[in-house]
Amino acid sequence: MGTRGKLGLDLDSRKQAILAAKTAVAKKGHHPIILDVRQVTLLADYFVIVGGDSQTQVRAIADAIDQAFTDLGAKPHSVEGKAEGRWVLLDFGSIIVHVLHEKERNYYRLEQFWNQALIVDTKEWSEELTLDSPINKYH
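Numbering (this note's numbering), first residue to last: 13 to 151.
Since the hints were derived computationally from the structure, they do not count as laboratory data.
Quantities reported herein were computed from a predicted structural model and do not represent experimental measurements.
Don't be surprised by glycine CBs; every beta carbon is placed ideally from N, CA and C.
Some hints could be false.
[To be verified] Below, simulated DSBU-like cross-link-like pairs (lysine-lysine); rule was C-alpha separation at most 30 Å, straight line:
hint : residue 1 : residue 2
1    : Lys135    : Lys87
2    : Lys115    : Lys135
3    : Lys40     : Lys115
4    : Lys94     : Lys39
5    : Lys94     : Lys40
6    : Lys94     : Lys27
7    : Lys27     : Lys40
8    : Lys115    : Lys87
9    : Lys87     : Lys40
10   : Lys39     : Lys87
11   : Lys94     : Lys115
12   : Lys115    : Lys39
13   : Lys135    : Lys39
14   : Lys27     : Lys87
15   : Lys40     : Lys135
16   : Lys135    : Lys27
17   : Lys115    : Lys27
18   : Lys27     : Lys39
[To be verified] Derived Cβ-Cβ restraints for the label pairs, each shown as a range:
hint : residue 1 : residue 2 : range
19   : Gln51     : Asp83     : 25 to 33 Å
20   : Gln128    : Asp103    : 15 to 23 Å
21   : Gly85     : Gln124    : 32 to 40 Å
22   : Leu130    : Ala95     : 27 to 35 Å
23   : Gln128    : Gln67     : 25 to 33 Å
24   : Gly85     : Lys115    : 32 to 40 Å
25   : Asp83     : Asn127    : 29 to 37 Å
26   : Asp83     : Gln124    : 30 to 38 Å
27   : Asn118    : Gly85     : 30 to 38 Å
28   : Glu123    : Leu54     : 27 to 35 Å
29   : Ala38     : Lys115    : 19 to 27 Å
30   : Gly105    : Glu136    : 18 to 26 Å
31   : Gln128    : Ser66     : 28 to 36 Å
All chains, please: the whole structure from these sequences, using the hints.
Okay, structure coming up:
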């Protein structure tokens, strides 16, 4: 699955997940992880999980990710938990982003729940979408 946006980019689900993770990092999100869940569930291709220190930061991370995708012409199918700011879920179809307050992240341990998924190595995705990429403005 891909998303074609205003910038004329065609992002496959992997690049969408990388965009979400890098956007979270730019907002000082904690310990972002990308899980390749294609072999585990039909819900999505990738999950992005990231933590925040406060409800304000959780909402800011979620807002930044939402804006990055909106700028590409992609709106989430649904957004849950934003008002509370403890666990915000952004469902973009082929990727699902979980932005959790660190207390919730430590309690629910989504990474352990989805332990059958493949972890996309941080070094691998931090090198993708390089400085010459038009979507570099999001990180």
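Exercise for review: Verify the proposed pairing of Lys39 with Lys87, using a straight-line Cα cut of 30 Å.
Suggested key: holds (20 Å)
Practice item. Hint says 15 to 23 Å; check whether the CB-CB distance for Gln128 and Asp103 agrees. Key: Holds: the Cβ-Cβ distance is about 20 Å, inside 15 to 23 Å.
Point to revise | Outcome of range test on Cβ distance (Leu130, Ala95; 27 to 35 Å) | key: holds (33 Å)
Check your understanding: Between Lys135 and Lys39, is the straight-line Cα distance small enough, at 30 Å or below?
Key -> holds (19 Å)
Practice item. May I ask you to test the hint 30 to 38 Å on the CB atoms belonging to Asp83 and Gln124? Key: holds (33 Å)
Review point. Holds or violated: are the alpha carbons of Lys94 and Lys115 at most 30 Å from each other?
Key: holds (16 Å)
Check your understanding: Measuring from beta carbon to beta carbon, are Gln51 and Asp83 in 25 to 33 Å?
Key -> holds (31 Å)
**Study point:** CB-CB spacing for Lys115 and Ala38 relative to the 19 to 27 Å hint
**Key:** Since the Cβ atoms of Ala38 and Lys115 sit about 23 Å apart, the hinted range of 19 to 27 Å holds.
**Study point:** Proposed proximity, Lys40 with Lys27 (alpha carbon, max 30 Å)
**Key:** The given pair, whose Cα atoms are some 20 Å apart, holds under the 30 Å limit.
Check your understanding: Holds or violated: 32 to 40 Å for the Cβ distance of Gly85 and Lys115?
Key -> holds (35 Å)
**Study point:** Agreement of Lys135 and Lys87 with the hint, judged by alpha carbon distance not exceeding 30 Å
**Key:** holds (28 Å)
**Study point:** Verdict for Gln128, Gln67 (Cβ pair) under range 25 to 33 Å
**Key:** holds (31 Å)
Hint 28 alone, counting from the list given before, is not met by this structure.
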